[in-house]
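Peer 1: With my numbering applied, the sequence shown covers 32 to 487.
Hints are computed from structural coordinates only; laboratory data are not their basis.
This structure is a prediction, so every number in the text was calculated from the model and none was measured.
Even for Gly, the Cβ is constructed at its ideal location relative to N, Cα and C.
Don't take every hint at face value.
Here are the simulated DSS-like cross-link-like pairs (lysine-lysine), alpha carbons at most 30 angstroms apart as the crow flies [to be verified]: (1) 376 to 389; (2) 465 to 421; (3) 83 to 421; (4) 421 to 279; (5) 251 to 173; (6) 213 to 173; (7) 251 to 213; (8) 80 to 421; (9) 161 to 173; (10) 465 to 486; (11) 389 to 486.
Label-pair restraints from in silico Cβ distances [as the list claims (entries may be wrong)]: (12) 458 to 287: 40 to 46 angstroms; (13) 41 to 395: 35 to 41 angstroms; (14) 395 to 224: 21 to 27 angstroms; (15) 141 to 433: 22 to 28 angstroms; (16) 216 to 458: 53 to 59 angstroms; (17) 464 to 370: 32 to 38 angstroms.
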Amino acid sequence: MPLQKNQVLTLRVERLSSDGSGVAHSPDGETVFIPGAAPGDEARVRIVKDCKRYAFGILDEVLTPSPDRIPVDCAVAGPCGGCSLRHLDYAAELRAKQENVADAFARIGGLDVPVLPIVGSPEVNRYRNKVQFPVGVDKSGKPCIGFYAGRTHRIVPCPDCRLQPGVLNEIGNALCAFFAEKGIQPYSEETGRGLVRHIFLRRGAHSGQIMVCLVCTRAKLPSAEELCTRLKAQFAEITTILLNVNAKNTNVILGTETHTLYGQGYIEDTLCGVPVQLGPLSFYQVNTLAAEQLYGIAAQYAQLTPDDLLLDLYCGMGTIGLSMAAHCRELIGVEIVPEAIESAKANAARMGADVAAKSRFFCADAGQAATRLAAEGLHPDIVMLDPPRKGCDEATLSAVVRMSPRRVVYVSCNPATAARDAAWLEQNGYHAEKVQPVDLFPRTRHCECVLSLSKV
Numbered sequence: 032m033p034l035q036k037n038q039v040l041t042l043r044v045e046r047l048s049s050d051g052s053g054v055a056h057s058p059d060g061e062t063v064f065i066p067g068a069a070p071g072d073e074a075r076v077r078i079v080k081d082c083k084r085y086a087f088g089i090l091d092e093v094l095t096p097s098p099d100r101i102p103v104d105c106a107v108a109g110p111c112g113g114c115s116l117r118h119l120d121y122a123a124e125l126r127a128k129q130e131n132v133a134d135a136f137a138r139i140g141g142l143d144v145p146v147l148p149i150v151g152s153p154e155v156n157r158y159r160n161k162v163q164f165p166v167g168v169d170k171s172g173k174p175c176i177g178f179y180a181g182r183t184h185r186i187v188p189c190p191d192c193r194l195q196p197g198v199l200n201e202i203g204n205a206l207c208a209f210f211a212e213k214g215i216q217p218y219s220e221e222t223g224r225g226l227v228r229h230i231f232l233r234r235g236a237h238s239g240q241i242m243v244c245l246v247c248t249r250a251k252l253p254s255a256e257e258l259c260t261r262l263k264a265q266f267a268e269i270t271t272i273l274l275n276v277n278a279k280n281t282n283v284i285l286g287t288e289t290h291t292l293y294g295q296g297y298i299e300d301t302l303c304g305v306p307v308q309l310g311p312l313s314f315y316q317v318n319t320l321a322a323e324q325l326y327g328i329a330a331q332y333a334q335l336t337p338d339d340l341l342l343d344l345y346c347g348m349g350t351i352g353l354s355m356a357a358h359c360r361e362l363i364g365v366e367i368v369p370e371a372i373e374s375a376k377a378n379a380a381r382m383g384a385d386v387a388a389k390s391r392f393f394c395a396d397a398g399q400a401a402t403r404l405a406a407e408g409l410h411p412d413i414v415m416l417d418p419p420r421k422g423c424d425e426a427t428l429s430a431v432v433r434m435s436p437r438r439v440v441y442v443s444c445n446p447a448t449a450a451r452d453a454a455w456l457e458q459n460g461y462h463a464e465k466v467q468p469v470d471l472f473p474r475t476r477h478c479e480c481v482l483s484l485s486k487v
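Assemble the whole structure, with the sequences as input and the hints as a guide.
Peer 2: Take a look at the structure:
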């Protein structure tokens, strides 16, 4: 019998789904997904939508809390939606992520592959090196920073996000105070009026350098020189201040035009010993310390020898491949974003003549590049794959198989697509040896993993 909207059931939460919702079953066996629930909760759940085979509910009342449930330490964790697991003990969060990775490889991939114990993040709070605050107005009508409520563009004010270093929150609040003082208005999507859309901040985890980028609807910011003087005086770690122009009616944050108001236009940092320069458009893992763990595991799985050719597909700024360059004969990196390829070449040059001489980077779609390289008879010994959430397309995987590397190392931010691609490779001459989950995003539902495959 289908569940009815507003029907209230007493349910026991069994586990977490891959999107971080609690999973329970109705008396008739229908699956119910419940945001904010913890495995082991016994709760009164109000049904808000029935989709015949499954339903969505909300917590009306937790009758018996799970032993893994902890007090939520953020006043806006619910409406904000960024920290969907802030109500869980971190050990329980890691167990849930481990189970979801194992479930993806067993259920989606159909693979009997060992899933190793998850590697937790060195920092559970304040770990993000990047924040993109939308700027809105609070109840009193003053400019404020915050985040969009789930599936909306309604800004939830959040003066102190616990995922960001405190100094980034302080800079966001100081900027809003300056906007209020000078009468600078936040942009309104409804009216199309206003100047400031987003405050984009980056901080080097090792260098401590901070980039401030204001995303505005036009290139002129009132009192810009005074703003730079004040920010530098208040926050010594700020090394560059930028103004990015985005005048389009779009949900894309950054525009293509950027002006430097102060400094060199970028900050410097290191990742796995690779020196990097980061501007607003640079792709960079948001949890530096955990990313170094992730890339270290990928290097172990590569098992490089001094005679090996390493092909790094979806290479981004080249950090994964360059972190392994000392251990191989030659490195080829492929990435579709032109700015990332220029950064990769510059990073290689900063590592010295030896690394620069053995490294080649070119801009192309990974699938097309892999196909071309395979047609040219390139035979890499190791292929590194680090695709976006959608995973690899079949053209890329087919080209990898034609190139016949000894090993494939697959770094994934989506265990579901990694499991799908691993199953394809299993059917085409490669054996999935082991999977290592790595938590780069504590208090959120996301989890990375590294997969090791060898040629049969």
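Peer 1: Taking the hints in turn, state whether each one holds.
Peer 2: Right, here's what the structure says about each hint:
With a C-alpha separation of about 11 angstroms, the suggested pair residue 376 and residue 389 falls inside the 30 angstroms cut-off, and the hint holds. Restraint check: the Cα-Cα separation between residue 465 and residue 421 comes to about 21 angstroms, which is no more than 30 angstroms; the hinted pair holds. Distance hint between residue 83 and residue 421 is fulfilled; the C-alpha atoms sit about 27 angstroms from each other, no more than 30 angstroms. Between residue 421 and residue 279 the CA atoms are separated by roughly 27 angstroms; this keeps the pair inside 30 angstroms, and the hint holds.
A distance of roughly 21 angstroms separates the Cα atoms of residue 251 and residue 173; the hinted pair therefore holds under the 30 angstroms criterion. Proximity of residue 213 to residue 173 is assessed by CA-CA distance (about 11 angstroms); at most 30 angstroms being required, the pair is judged to hold. Among the hinted pairs, residue 251 with residue 213 is consistent with the structure: their alpha-carbon atoms are about 14 angstroms apart, no more than 30 angstroms. With a C-alpha separation of about 27 angstroms, the suggested pairing of residue 80 with residue 421 holds against the 30 angstroms cut-off.
At most 30 angstroms may separate the alpha-carbon atoms for a hinted pair to count; residue 161 and residue 173 meet this at roughly 24 angstroms. Between residue 465 and residue 486, the direct Cα distance comes to roughly 14 angstroms. Compliance with the 30 angstroms bound is thereby established for this hinted pair. For the proposed pair residue 389 and residue 486, the alpha carbon gap of about 25 angstroms is at most 30 angstroms, so the pair holds. For residue 458 paired with residue 287, a C-beta distance near 42 angstroms keeps the hint of 40 to 46 angstroms intact.
One distance hint, 35 to 41 angstroms for the beta-carbon pair residue 41 and residue 395, is violated here, with the actual separation near 56 angstroms. Taking the beta carbon of each, residue 395 and residue 224 are about 41 angstroms apart, not inside 21 to 27 angstroms as hinted. At roughly 24 angstroms, the beta carbons of residue 141 and residue 433 sit within the given window of 22 to 28 angstroms. Under the hint 53 to 59 angstroms, the C-beta atoms of residue 216 and residue 458, about 57 angstroms apart, fit the expected range.
Taking the beta carbon of each, residue 464 and residue 370 are about 35 angstroms apart, inside 32 to 38 angstroms as hinted.
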